[in-house]
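Take these sequences, add in the hints, and give me the full structure.
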Amino acid sequence: MLLGTLFIALGMLMYTKTMLLTGGVAGAALLLSYVTRLDFGALFFLVNVPFYALAWKRMGWMFTLRTAIAVGLVALFSRLTGGWIGVERLDPLYATVIGGGLFGTGMLMLFRHRTGLGGINILALYLQERHGVRAGYFQLAVDLVILAAAFFVLAPDQLLLSVVGAVIVNLLLAINHKPGRYLGVS
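Residues in the sequence shown are numbered from 1 upward in steps of one, following the numbering used here.
Note that these hints are calculated values from the structure, not bench results.
Computed from a predicted structure; not experimentally measured.
Every residue gets a Cβ at the ideal spot worked out from N, C-alpha and C, and that includes glycine.
Check the hints yourself; a few may be wrong.
Restraint-style ranges between C-beta atoms, simulated for each label pair [said to hold, decoys possible]:
{"no.": "1", "residue 1": "Arg89", "residue 2": "Val164", "range": "16 to 22 angstroms"}
{"no.": "2", "residue 1": "Arg112", "residue 2": "Leu80", "range": "21 to 27 angstroms"}
{"no.": "3", "residue 1": "Val164", "residue 2": "Val133", "range": "34 to 40 angstroms"}
Take a look at the structure:
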């Protein structure tokens with residue numbers, strides 16, 4: 001959980017430095033932070049609160065607890081990572097690819113150990129486990145809707161790179177997180 005949340009926070013730093021967007025609740029919180037100038041971590045934590053009821057009801061209290069901890073760690077680490085490392089120059093294309101890879105890998109680490117990252121991840125995992133809908137494909141569809149809302153906030157090149165990043169994250173999940181593959185049990 002620690003390594004997965006650190007990967008996600010590092011990916012988030014790369015996206016914020018290049019003003020890119022990801023999908024899911026993180027993307028919605030990031031978009032809100034761009035518009036309002038409020039802290040991403042606080043917004044991410046607050047936007048996730050309503051989804052804990054679904055997690056508790058459908059996925060159980062242990063999943064909900066692990067997810068709440070992971071969301072709290074990403075909120076905290078996303079705030080601290082900028083102080084731990086300095087980014088003087090960051091190419092947006094590189095940030096898209098490596099940031100998306102970090103997001104997807106961090107999420108995969110969490111998913112394989114029955115931990116979500118809040119919001120859409122909870123719904124995606126529920127739909128995969130209960131109805132066979134692949135989590136990565138479901139998230140990609142939701143992410144594209146969130147990215148469409150960013151049309152009014154981001155420059156066209158940032159929006160295009162954000163779409164590429166969403167594809168990277170969700171294909172990584174769709175290819176690697178399949179029923180029957182390794183699933184950590186606690």
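Each hint, compared with the structure:
1. Arg89 - Val164: 16 to 22 angstroms: holds, 20 angstroms
2. Arg112 - Leu80: 21 to 27 angstroms: holds, 25 angstroms
3. Val164 - Val133: 34 to 40 angstroms: Hint violated: Cβ distance 23 angstroms, outside 34 to 40 angstroms.
Violated hint for the displayed structure: number 3, the only one.
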